[in-house]
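Student: With the hints as a guide, dock the two chains, each given alone in a separate frame, to form the complex.
First to last, the protein sequences are chains X and Y. Residue numbering for the first sequence follows my numbering, starting at 961 and increasing by one per position. Residue numbering for the second sequence follows my numbering, starting at 4 and increasing by one per position.
Check before you lean on any hint, since a few could be wrong.
[What the hints assert, rightly or not] Here are the simulated lysine-lysine pairs, BS3-like style, with alpha carbons at most 25 Å apart: (1) Y:Lys31 x X:Lys1072; (2) X:Lys1409 x Y:Lys274; (3) Y:Lys19 x Y:Lys279; (4) Y:Lys6 x Y:Lys174; (5) X:Lys1285 x X:Lys1235; (6) X:Lys1405 x Y:Lys167; (7) Y:Lys87 x Y:Lys75; (8) Y:Lys33 x Y:Lys91; (9) Y:Lys234 x Y:Lys167; (10) Y:Lys52 x X:Lys1285; (11) Y:Lys149 x X:Lys1130; (12) Y:Lys87 x Y:Lys33; (13) Y:Lys67 x X:Lys1130; (14) Y:Lys31 x Y:Lys243; (15) Y:Lys68 x X:Lys1130; (16) Y:Lys239 x X:Lys1285; (17) Y:Lys281 x X:Lys1409; (18) X:Lys1405 x Y:Lys128; (19) Y:Lys281 x Y:Lys243; (20) Y:Lys67 x X:Lys1228; (21) X:Lys1409 x Y:Lys128; (22) X:Lys1409 x Y:Lys6; (23) Y:Lys45 x Y:Lys275; (24) Y:Lys281 x X:Lys1130; (25) Y:Lys128 x Y:Lys33; (26) Y:Lys52 x Y:Lys98; (27) Y:Lys45 x X:Lys1409; (28) X:Lys1409 x Y:Lys19; (29) Y:Lys239 x X:Lys1072; (30) Y:Lys67 x Y:Lys117; (31) X:Lys1228 x Y:Lys75; (32) Y:Lys68 x X:Lys1228; (33) Y:Lys52 x X:Lys1409.
[Claimed, not checked] Output of the computed footprint for chain Y on chain X, the stretches with three or more beta carbons under 8 Å from beta carbons of chain Y: (34) 1056–1063; (35) 1121–1129; (36) 1281–1291; (37) 1357–1365; (38) 1384–1392.
Hint data in this document are derived by calculation from the structure and do not stem from the laboratory. Remember, it's a predicted structure, so these values are computed and weren't measured experimentally. For every residue, glycine included, the Cβ atom is placed at its ideal position computed from N, Cα and C.
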Amino acid sequence: MNKNSIFNGKFKLSKYSNIIFIIIAFLILAIFYFIPTPEGLTQNGKVMIGILLMAAILWIIEPIPLAVTGLLIMIIQPIMHVIPPNEVFSSFGSQAIFFLVGAFIIAGAVEKHGLHRRIALRFLSHFEKTPRIFTFGIMSSCAILSFVMPAHGVAALFLPIVVSILIAMKITPRQSNFGKVSMLCVAYGCSIGSIGTLIGGARNPLTIGLLSDLNPPINVTFFDWMIYSMPVVFISLPLVWVILQFSFPIEINDIYEAKKEINNQVIKAGKMSNKETIVLSILIITIFLWILFSSHQYFGLAVIALLGSILLFITKTINWNDVEKRVPWGIILLYGGAITLGIGIQKTGAGTWIVNALFNTVGINPFLVVIVIIILTVLLTNIMSNIGAVAILLPIGIAISTEIEFISPLLSAMIIAVGAGFAFMLVIATPGNAITYSSGYFSTKDLFKAGFISNIACILVIFFIAIVYWMWFLEI
Amino acid sequence: MFKDILVPISSEYYSKELLEKTAFLAQKFKSRVNLIYIIEEKVINQTGKLSNGYRTSDEIAQTKKDIIREQKLTADSIVFEDAKYFFKKRNIAFKEKIFEGEFSSVIKRETNRKEYNLILMGFEKECFLNYRLFDELDIPMWIQSKNEGNSILSICSNLAPNQKVPEVSIKLSKLLNLELNMLYVVDVEDSVQVDKNGKRSDKKSERDLLFNGQKFIDEMEKKEINIKLVKGSLEKITLKAAEEINPNLIIIGREQKKKGMLGLPIKNLKKKLAEKCKYSLLFVN
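Chain Y extracted, bound-state conformation (with noise of 0.2 Å):
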């Protein structure tokens, strides 16, 4: 399911659960994983903008470099041996590589550079790296948190094609011995439907996207999926039933959010949940 993984691990913000569950899930998905450490150049920029005006230019460029040298000795002493330990343990092809670079930056790249079928990586919200990524790659994306439970929460609504969602969850649930639960919910703060192509459709009237809802829980049903349909705002909900629920893992879809003025997107609706939920969270996006 998931055979080339891209585990980036940022010089801000490093956990081991990450390369734990990394190990876990490329021995359940047979995959191939690819550890990327990157040097965070937000952090060295802001250190050395800061320090402009009290030290010299040369004085900010040796800081620079020492900071560098110190990141990878910290990648290569310590996160690439921790990588060691948990996945030569469990017999998992891996390599490794360093980058200097802005994070959503050099993810891209590497998902240009070749082809992925997961990214895993862990979130912080205090960080000063930008994690733009999540609305700019189409690729699926697990945000490991430390919680653990039993379940998934999988969560379908008028604002997603829910094509994939389904199948995943299904696939998931079954290779991790997990149980499904799954949420479809009208967002009536945005009363779109979203079609199979991601094509959102003009205002429709409640009663048109719980008939939509209903349609979808039928087919599910027939799968014989534990299916809710809750009315209500779609992060909202989301949250909340994962505290009801306490899931192992929430998976949500490819949401075609509400566009603000000059075509901007006013609903970040990804980082929100990244920043608000205590769980992992798989992006099929």
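The following block holds chain X by itself, in its conformation from the complex (with noise of 0.2 Å):
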């Protein structure tokens, strides 16, 4: 890649590109088949490294849609003997895939509603000080709304109120600072918030997921998972806001002219449907019980989202036409295939023969190590899906675990999870930043500049709390 495209995240390439790259990850594959096992690796172990190179290629690259880069992960296992069909296809009975599920009929009726634009309304109704707290507003909005439904919904559910807020101020796209850290908050606001509940982001439950396929499994109820990880979301959320200031200082004043703009939308969404008070009335019956009976001796993740779905659908305030429209079936696949991944690298035992073959030269300190997954995921983040790099990198990590001494599955599944929220540096990184960019109110240089120094200060932030936080004061 050039330096041009590095900062928009483009691959400048030809319409055949798409096959060439198909051809050259399979080609990786078929390498990986024929030659000779390296001492300490199983055949299928070695084809196991094959299939993941080609994942990584086609995750990266897509060439081909990522839920279906996920169905030729789970049907490239059985055909090269690796895995048999029933383990492969067993993947889809686990919890966290009905949990997604759930979760996503949940946000969908919240969005049918418009329930999320009146919560994002009022919430930055209360930000209306100054210029500079309005854009703290935005980016805490954004995190505590991608606390309950997927960060990209959130992202595209900003976009027209900042623009409109930042068209009724006549602020000028490109040349504005307040127009830039407005919009860039809407896209940290939403990838730090993801990070924050197992709702904002798939990675999430896939975490949950492969942790608990583990043999002793680990199972993390959706009250562990937030224990772990809003230090995080806390911590980073005002850093980033204070980075963004300083990279582009606001130049403005006046927050008359947004105050106006923002009760002129609060009068037009008018008053509070009964079905808008229902949803949300089964959102947070729903939140309550993940909070407090999501563990396995009550429910589980999967029941509470179900049961909160079904009660949707019995208060018909959601009906299958919009689950059809709302539920994005393509992550449910991509699911499987990361989640089918994870399990052929482990049982293989390719997982540990990586981990040995890469911290024989690294050495085995367990901070460096823990630095090294941080600095890996964060930059593998940055140019593919998150969800395609923790399916890449959490069978890896869990290996670690088994190989080096004070780091435990669980450690390093948190590590790689949150560190695939911090996708900050280009378009291409995350929908959240295409969606923000197609504002038109930063270039991608804005984002590579706010970006690099957000997630170096991130990874900071994420080994501190790894080290001190989850590995000393948690003992995880």
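Tutor: Below, the structure is given as structure tokens:
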């Protein structure tokens, strides 16, 4: 990639490039199938490494949709006799899959009735004091909403809200730092918020799904996840906001027009309808149940998510048409592929072999290993989909925990899942960045500049949390 | 000189300075201005592509609609309002329109629909939009930059017909009251001579190229133009001279590039100059 394509994250390739990359991906798999098996690795382990590399290429370049790569991973394992078909497809029985389905249905109901917009406006109206505080309001509102619905949906929601406010304020695209900071606050607020709960990003359920498939299983509840991840959110959110303030000093002092526009939008939204009230009540009950009763001795995550979804159907606040419109089934297929990839890497011993090969040269200082995992995750999530980055790194991270003292599977899984949320530098890193970039208020250079500094700061935050909070305080 | 000016503004890149410059030039040349705001489809498609898998097609379509609606609002409330401010002050007639599509394609369609004498636009390297129109249109193209010097740097070379560049340079230097500095570059990396019709000759010796260059210089000196003969790479010399002179505008002609395998261009001089140069450029195509 040249410098230009690094900034905007585009690969300038011809229409044939997709076919070329598919061929390269399969060639790599074929090479791994036929080369002699290295010492310490089984034939199946060697093929699994080939599948991992093939998946990495397909998930980074995306010559085929992400979900189709997920399907390919599933079928290629039985075809190459690595894992039998019944084992591969049993990953769809994971409760994390049904948690995802339920969470998408609930988020769909929230979106259908415009409840998310009302919540967003309500949050924003509390931050109308100064332009700086207003940008913090945007960022924290995005983060908080990303706790209860997918981060990309939140970015799509905030784009028209923030653009109409900026237009009302006569803020010129590209030339105003206030415009830049406002839009970057949407992108980064959503990314940071998506770390906080299991709902914000599909990579979070993928992580707990893979952990629950370990032997012995590690069960992480909704509340556990929040306990682990919220400190990262609460430290990185203001930190990244401060970085944005220093990177693009805000040039305006008056926020009156923004206030007026928010009030207009609140008036336009009107009074809360009965259906909105019902959806809000079900959402609150579901979150409450997730926090208190999602452990295995009670109901588990999926049961509560599906209970919430069924309540929405019973109260007629959502129908099957809405589900068809609002549940991205592709992510479920992607999830299936990712989880079978993880299981295959573990079962064939490929993960352990990769770790031994890597850390024979790097050394086995656990602090060094932690920082290496964080940096690798942040780099990878910036050039590919974050769920793809987690799918590739998680099996390796779990294998690390079996080989290196002081690093547990839960610790390495949390480092990877949380690190994958920090996709700040490139437009292609996450849909949230692309959605906000389309507003025209910031350039790819602005995103790279702010994202690079923010990524360094967040790498240090994760490192600090991993060592002090997760390893030392929580002893995970 | 430039009766009808087309000013394309991409939703990906907007600069007020461009409108200010347009107003200034339109007043000088008594031009009519057509301002078009292009909602860049590449950016919207990229957003859709990235969301694919994470969001449903209905949600992606809704986001696309939202983006287009907000872009139209931005064009109406900010870009066209700025234009009114700059143009009405100077009594310049202008029309405005919003298009959805790919930057270069929209401009090409617009130039097919109506005859323009100049395209005046901004440039940003790190954009999704494609500037292939540099090589695909034969209308003069002015790439506005922020730097404002006091002279014109006019570039002629063995790689261009050198017909329009001197003519346009002289006119502009008089009209804009800017000192004219001209360079004739003998590009030793591509040792051919381009004739008046834009046809490349076979390889020539350095002596022949220098001889032709000297002939051109003699002609220009008769017209009392301050001109120098320089040997080297066209791109590097242009950039170096620009740094030394600090011009208001660099005027460059219809360079006939060397072709690579399968006849594909391997040198994209205009795009390279636009990327590397911090001064305004006028490609006299």
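Student: Compare the structure with each hint and give your call.
Tutor: Do the hints match the structure? See the list:
1. Y:Lys31 x X:Lys1072: 55 Å, violated
2. X:Lys1409 x Y:Lys274: Measuring from Cα to Cα gives roughly 24 Å; hence the hint holds.
3. Y:Lys19 x Y:Lys279: The hint holds at about 21 Å.
4. Y:Lys6 x Y:Lys174: 14 Å, holds
5. X:Lys1285 x X:Lys1235: Since the Cα atoms of Lys1285 (chain X) and Lys1235 (chain X) sit roughly 19 Å apart, the hinted pair holds (cutoff 25 Å).
6. X:Lys1405 x Y:Lys167: Cα-Cα ~36 Å, so violated.
7. Y:Lys87 x Y:Lys75: Distance of about 16 Å is within 25 Å: holds.
8. Y:Lys33 x Y:Lys91: 13 Å, holds
9. Y:Lys234 x Y:Lys167: It holds: about 22 Å lies between the C-alpha atoms, which stays within 25 Å.
10. Y:Lys52 x X:Lys1285: 18 Å, holds
11. Y:Lys149 x X:Lys1130: 22 Å, holds
12. Y:Lys87 x Y:Lys33: Since the Cα atoms of Lys87 (chain Y) and Lys33 (chain Y) sit roughly 17 Å apart, the hinted pair holds (cutoff 25 Å).
13. Y:Lys67 x X:Lys1130: Status holds; Cα separation ~23 Å.
14. Y:Lys31 x Y:Lys243: Violated: Lys31 (chain Y) and Lys243 (chain Y) sit about 30 Å apart, past 25 Å.
15. Y:Lys68 x X:Lys1130: 22 Å, holds
16. Y:Lys239 x X:Lys1285: Violated, at about 56 Å.
17. Y:Lys281 x X:Lys1409: 20 Å, holds
18. X:Lys1405 x Y:Lys128: 10 Å, holds
19. Y:Lys281 x Y:Lys243: 12 Å, holds
20. Y:Lys67 x X:Lys1228: The given pair, whose Cα atoms are some 22 Å apart, holds under the 25 Å limit.
21. X:Lys1409 x Y:Lys128: Distance ~15 Å between Lys1409 (chain X) and Lys128 (chain Y) Cα, so the pair holds.
22. X:Lys1409 x Y:Lys6: With Cα atoms ~41 Å apart, Lys1409 (chain X) and Lys6 (chain Y) exceed 25 Å; violated.
23. Y:Lys45 x Y:Lys275: Distance ~22 Å between Lys45 (chain Y) and Lys275 (chain Y) Cα, so the pair holds.
24. Y:Lys281 x X:Lys1130: 28 Å, violated
25. Y:Lys128 x Y:Lys33: 31 Å, violated
26. Y:Lys52 x Y:Lys98: Answer violated: Lys52 (chain Y) to Lys98 (chain Y) is near 34 Å, above 25 Å.
27. Y:Lys45 x X:Lys1409: 22 Å, holds
28. X:Lys1409 x Y:Lys19: 23 Å, holds
29. Y:Lys239 x X:Lys1072: Given pair Lys239 (chain Y), Lys1072 (chain X) is violated - Cα atoms ~58 Å apart, limit 25 Å.
30. Y:Lys67 x Y:Lys117: At roughly 30 Å apart (the allowed maximum being 25 Å), Lys117 (chain Y) and Lys67 (chain Y) break the hint.
31. X:Lys1228 x Y:Lys75: 20 Å, holds
32. Y:Lys68 x X:Lys1228: Holds, at about 19 Å.
33. Y:Lys52 x X:Lys1409: OK: Lys52 (chain Y) and Lys1409 (chain X) at ~24 Å, within 25 Å.
34. 1056–1063: With 0 residues in contact (Cβ-Cβ under 8 Å with chain Y), the coverage given for the segment 1056–1063 of chain X is violated.
35. 1121–1129: Our answer is that it holds, as 3 residues pass the Cβ test (under 8 Å) against chain Y, meeting three.
36. 1281–1291: Holds, because 6 residues of the segment 1281–1291 of chain X bring their Cβ atoms closer than 8 Å to Cβ atoms of chain Y.
37. 1357–1365: violated (count 0)
38. 1384–1392: As far as the segment 1384–1392 of chain X goes, the hint holds, because 4 residues have Cβ atoms under 8 Å from chain Y.
Consistency note: the structure conflicts with the earlier hints numbered 1, 6, 14, 16, 22, 24, 25, 26, 29, 30, 34, 37.
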